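If you read the protein sequences in the order shown, they are chains A and B. Per the working numbering, the very first residue in the first sequence carries number 1; after that it's consecutive. Per the working numbering, the very first residue in the second sequence carries number 1001; after that it's consecutive.
I should point out that these hints are in silico values taken from the structure, not numbers from a laboratory. None of these values were measured; they are calculated from a predicted model. One or more hints might be untrue.
[Stated by the list, open to error] In silico SDA-like pairs for lysine to any residue, Cα to Cα no more than 20 Å straight-line: (1) B:K1015 / B:P1219; (2) A:K2 / B:K1109; (3) B:K1052 / A:S227; (4) B:K1109 / A:I213; (5) A:K137 / B:A1069; (6) B:K1052 / A:L138.
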Amino acid sequence: MKRIIALLVACLLVIAVELLCSWTGTLYYLTQMTMSAYYSLLIIGLCVVMGYAGQISLGHAGFFAIGGYLSAALTTRNLLLFHDSLLVRGLDFAGLLVTGKDIYGGALVVVTPWAACLFAVLVAATIAFLIGIPVLKLKGHYLAMATLGFGIIIYRLALASSYFGGADGISAVRPFPLCPGLSVSGGPSTRVENYYIAWGLVLLGVILLRNLINSRIGRALRAIHGSEEAAESMGVDTARYKLYIFVLSAVLAAIAGVFLTHYNGGIGPSEASVMKSVRYVAIVAVGGMAHLWGALTMSIVLNFLSLRGVFGTYDDAIFGTILILIMLFAPEGILRINVGQKLLSLGGVFKKGGRKD
Amino acid sequence: MLRIRNLEAGYGKLKVLKHISMHVDAGEIVTIIGANGAGKTTLLSTIAGLVKAASGEIAFKGKDLRTLAASSIPALGCVMVPEGRQVFASMSVEENLLLGGHVVRNQGKQVLEELLGHQYDLFPILRERKGQLAGTLSGGEQQMLAMARALMARPSLVMMDEPSTGLAPLIVKGIFEVIVRLRDEGNTVLLVEQNAKAALAIADRGYVLETGKVIVQGPAQDLLGNRDVQRAYLGREKIEV
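Between the sequences and the hints, there should be enough to build the whole structure, so can you do that?
Next comes the structure, spelled out in structure tokens:
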């Protein structure tokens, strides 16, 4: 019951924001709200990995980028030159290609957005699966370092490859038609519907993850967080469950990447950068680790402020600072902070040089 | 039920267990006693698959446990109650129990409900506290929870690692009474204890472990009367000599 109420409140808030914006004539805010929603989809997935299963990933921007880049490349890179190859013919035969005109009026043959999206997400899932098997055997900082390494590889690949546009990234990505009359695309005319598409997706993600956390799988994940050995001796196949949730969160990240790329009409290497991963970790920490709604709330607030440019050029510095402050003063997350008590102990922290427990 | 032959195990180059042979038959309480560092916990961990055996064999109901992953052993009916309880502190009592029932997950909700009811009958205090976080229970209650959690898997062999650690004598008495009751209900228990006197008092047979070797074994009553055992582990040197 409590879960349904929370979900209803969230739905009402989503609608309220839209109504408020259209009433005050500030509909342009919805663009940033939509983008925040897609980042939030990634963050709630990461929240379950970090807060519930107790694993850390500094490579989630990598999965986001895999989704975004692949979908962008497949729907913009012209396949006309290869139209004789077996692969392209096969794709054509399966009805997965569309033809159009590029900006110079030349013929253009590209993959349909649906197929590109599915392929991109599938690739992200496969990569998460393959690197997850060895990497999730690591713990603590070792796991952080391994996932960090993965993130750096993806970033450098995006930056180095001309297929992915190098430092420029890929632009002029077409809209993603979900169904007739509804497509993921930027621009003022489709702003409101895209706002609801994004939030529908996020709330779907929340429902999925909430059910997961409260199921047998969720119990197993929380047990792994408590003590991996104890969970093993209860018959929980810890390696499998860790891999499962890691792949699931990578899929959510990739979906977020695909949608945001089509919404923005492009993607650049900064989306794959390590600072993005650090930012996601910081947001999950601010939200209180094992706190799905907390992570979601803080994700919207911080992403929105960041996208509005409130932090200016100090954007990354602000997120680094947030991570330090949270670890020092509110390791339970900002929503569980006891302000009065913290203020009292503030002096103590500097005198004693850190938290004792 | 459990048959161990020439078992060697340890951590890295350090061999903790040296050629251990022992067996547990269905329906008995077997206790392993010994001082700190004798290898009691290592022995249980090796059976449970958490420590890999270097050589020797561990047969449980005819199956070789050495080749299995730790997480697949409980499904065979061999479950451990770990040392220091290790309940999942941030989960409720009932969630802990349901987690213990992880291996019977495919047998339907009704089986799980029945098992839950059975544990609550065995440990009524857990029923009262079922919504409470396990970390907020007292030491004795946590021990009961750890035992109940293991029993949720419907094990044929329960291995308990020092259930009396850090508990008041009166609580220990209660815990040991439950162990006897488990045996009387047809369960098999392998009990590792430092509290040798209490363990031997309820056990059918016992093994005395010293620096990784079994030095004495036999019926519990005999061990209680054995002079070496008394001197080394029961603290009777001054009285007897």
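Comparing the hints with the structure gives:
1. Simply put, K1015 (chain B) and P1219 (chain B) have alpha-carbon atoms about 28 Å apart, too far for the 20 Å limit, and the pair is violated.
2. Of the supplied pair hints, the one linking K2 (chain A) and K1109 (chain B) is violated, its CA atoms being roughly 23 Å apart against a limit of 20 Å.
3. Taking the CA atoms of K1052 (chain B) and S227 (chain A), the gap is near 19 Å; set against the 20 Å cutoff, the hint holds.
4. About 18 Å separates the Cα atoms of K1109 (chain B) and I213 (chain A), which keeps this hinted pair within 20 Å; it holds.
5. Taken as a hint, the K137 (chain A) and A1069 (chain B) pair is honoured in the structure, with Cα atoms around 14 Å apart against an allowance of 20 Å.
6. For a cut-off of 20 Å, the pair hint linking K1052 (chain B) to L138 (chain A) stands: about 18 Å separates their Cα positions.
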